[in-house]
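First to last, the protein sequences are chains Z and A. If you use the UniProt record's numbering, the first sequence corresponds to residues 1 to 396, in order. If you use the UniProt record's numbering, the second sequence corresponds to residues 1 to 396, in order.
Do not take every clue at face value.
Note: identical chains are not told apart, hence a pair may lie in one copy or across any two.
As the list claims (entries may be wrong) - Below, in silico cross-link-like pairs of lysine to aspartate or glutamate (DMTMM-like), each with a Cα-Cα straight-line distance of 25 Å or less:
(1) LYS81 / ASP332
(2) LYS129 / ASP352
(3) LYS276 / GLU390
(4) LYS276 / ASP386
(5) LYS148 / ASP135
(6) LYS81 / GLU56
(7) LYS81 / GLU354
(8) LYS60 / ASP209
(9) LYS7 / ASP128
(10) LYS129 / GLU104
(11) LYS7 / ASP207
The set of hints was computed from the structure by calculation and includes no laboratory data.
Listed here are the chains, written in short residue letters.
Protein chains: 2
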Amino acid sequence: MSITAAKGFTAAGIAAGIKENGNPDLALVVNTGPRLAAAGVFTSNRVKAAPVLWSEQVLKGGRLSAVVLNSGGANACTGPKGFQDTHATAEKVAASLNTAGYDETGGHDAGSVAVCSTGLIGLLLPMDKVLPGVDKAVAQLSPHGGEKAALAIKTTDSVHKTARVTVGEAGGEWTVGGMAKGAGMLAPGLATMLVVLTTDADLPAEDLDAALRSATRTTFDRVDSDGCMSTNDTVLLLASGASGVVPEKAAFAEAVRTVCDDLARQLIGDAEGASKDIRIEVINAANEDDAVEVGRSIARNNLLKCAVHGEDPNWGRVLSAIGTTSAAFEPDRLNVAINDVWVCKNGSFGEDRELVDMRYREVRITADLAAGDASAVIWSNDLTADYVHENSAYSS
Amino acid sequence: MSITAAKGFTAAGIAAGIKENGNPDLALVVNTGPRLAAAGVFTSNRVKAAPVLWSEQVLKGGRLSAVVLNSGGANACTGPKGFQDTHATAEKVAASLNTAGYDETGGHDAGSVAVCSTGLIGLLLPMDKVLPGVDKAVAQLSPHGGEKAALAIKTTDSVHKTARVTVGEAGGEWTVGGMAKGAGMLAPGLATMLVVLTTDADLPAEDLDAALRSATRTTFDRVDSDGCMSTNDTVLLLASGASGVVPEKAAFAEAVRTVCDDLARQLIGDAEGASKDIRIEVINAANEDDAVEVGRSIARNNLLKCAVHGEDPNWGRVLSAIGTTSAAFEPDRLNVAINDVWVCKNGSFGEDRELVDMRYREVRITADLAAGDASAVIWSNDLTADYVHENSAYSS
């Protein structure tokens, strides 16, 4: 149970034939109301896929009745025809839902249907598969379809990712649920990830938007697998109001953040080829921006990522990475711990590096800038021969 | 013949025992005059090794009588003791040269001796090996010692790197020669590279400085192997005036640029684990800064570097990389060629990607921003399992 954990949503996941191997590749999520509020956050890459351009436009009304997602093709860098295909997909979803009698919320139109795509850039989608696939998905919509939808958006993901939080006592409870896909290309600005969150809390679009932006800023936006930013990233939050509960804004924001954090951790844990999860905590920074800048610089240092793969507590590479930033610090006051052993003190060697035990999957790097009291956590992973293999052996 | 190709220089390269495997690890270059002009460019990493801090200070006088270089240890992040060691090494070079009678230029003092180190960060140098090594190097100084010096500064380099340019007719000719080390960690701001250039042209320090900064800006600074910036990078240019020729400034600048370009290409050609050299040319940019920013973003995209390794003309990853920059462009006017096949036209698919032949070592990526008439070339290399192995199997 994931995006159908909250009341007021149905979903489906089917094989439309977009993927040549016959795996599930098309998911549909429908909000059955009574409310149709929605918010979204999109990639900050300036080269945006057609579905991102479409969904950004659609979201301006703060209202979504359905989301259709496909794997097997990103529909990015596909020109006017690619945008027409996205539009046609949304039209098809609305028409098919209306024909099937899904009119609880007054009927669907393309202007309330978001579209998400993931896969190879630069290829047109096989619309002769996509459009019949929409009909097939509509026919399989179910309040228990969340898992199947999560399975249908996988690309190189080894597992599907779902999460939920339920708050309140019986009778007054409300839920935030979600699903995500993403395995590589994670980066600030939301790289290859598609995330759909649903809630039956009864809140207007502006409250959803505030909660979603606040949550993504400290979760998906602080996961950096390989520094590469996608053209397709999309995080959507849909509210049905079906619980009839209007939660406190702070409680709602915390629930959304918890689900986002859970999904973000699942994304980094499934990063392509990774053998280590790296938790980078920057402490005593002059401000949060400095902490994030330093954390990202460490997360993106290929030499350090290789060293972590080799279980080598090579703190010099951490200092090299810090030194490339514009954050406030004095080089001779920097301290670095790896798995809680302070191998670097005052910019020089500290405790014996032989004390660092790096056998386990999680590796913790702490960088103390000694410049203030702000902090941030960035999650990354190691760089491995498997990553190279997975990203050189075929187009993705 | 390299740093001793220009008249007025002697050099040596010896095994001092800094490297445990007994390979050469200490090089010495001495300017025998009559002029002792010098200029230098250093890493822009804010975490600077002790020898960088020392040499930057020494260079302020525009005068160097000698340069001592060691491999086997970077003497970076080593605190006050590390700086004392650098100082002691410079004192030892001056004393040993004076004792040996190298007083053509009026005697040596530590304040005219630059120090360069390369190797692992965070370890003190074995000074009981370094100081006797200096005596040994002084004893072997020779006007034919350039090759041995170039060999002694290698770390993971598979070959030593030298270059020279000689200008003018017999009797009025002058030379610029150089040596370099560096195999990984190349990046803008001059990452792990140590370069010494010598010339017998008769020019003052300010002319050397202008020629060197101009040359490094478009050569070493446009080589980006893995985006990692070192704590130790140093490029020095020493002039002896021994030719008695005062060249035109433009001709001198061009000679320095030619030698730097030659050495920079040798560095990228020897990048750790690389199987492809990637020449990234950004054309029709609004200005040169935009062209360089886009070129670096492409050079640092791990997914693209893996694709090139797999001989996959994955132009979508080029567009993704361009999209993360702040350069002036419209996404639907971008064009990309791989090995001269325009696989992306107007932000969408162009010529058939099957036409791209990527079997050869050099791969050419051309990114057309359609925003102006500026251009820049950045050199990079692919990302391979060998790179991961070389940087995870041991500390470096």
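Results of checking the hints against the structure:
| no. | hint | verdict |
| --- | --- | --- |
| 1 | LYS81 / ASP332 | between (57 Å within a copy, 12 Å between copies) |
| 2 | LYS129 / ASP352 | between (60 Å within a copy, 23 Å between copies) |
| 3 | LYS276 / GLU390 | both (16 Å within a copy, 18 Å between copies) |
| 4 | LYS276 / ASP386 | both (12 Å within a copy, 19 Å between copies) |
| 5 | LYS148 / ASP135 | within (16 Å within a copy, 74 Å between copies) |
| 6 | LYS81 / GLU56 | within (18 Å within a copy, 57 Å between copies) |
| 7 | LYS81 / GLU354 | between (59 Å within a copy, 22 Å between copies) |
| 8 | LYS60 / ASP209 | within (11 Å within a copy, 56 Å between copies) |
| 9 | LYS7 / ASP128 | neither (33 Å within a copy, 75 Å between copies) |
| 10 | LYS129 / GLU104 | neither (28 Å within a copy, 84 Å between copies) |
| 11 | LYS7 / ASP207 | within (19 Å within a copy, 75 Å between copies) |
Hint compliance for this structure: hints 9 and 10 are broken, all remaining hints hold.
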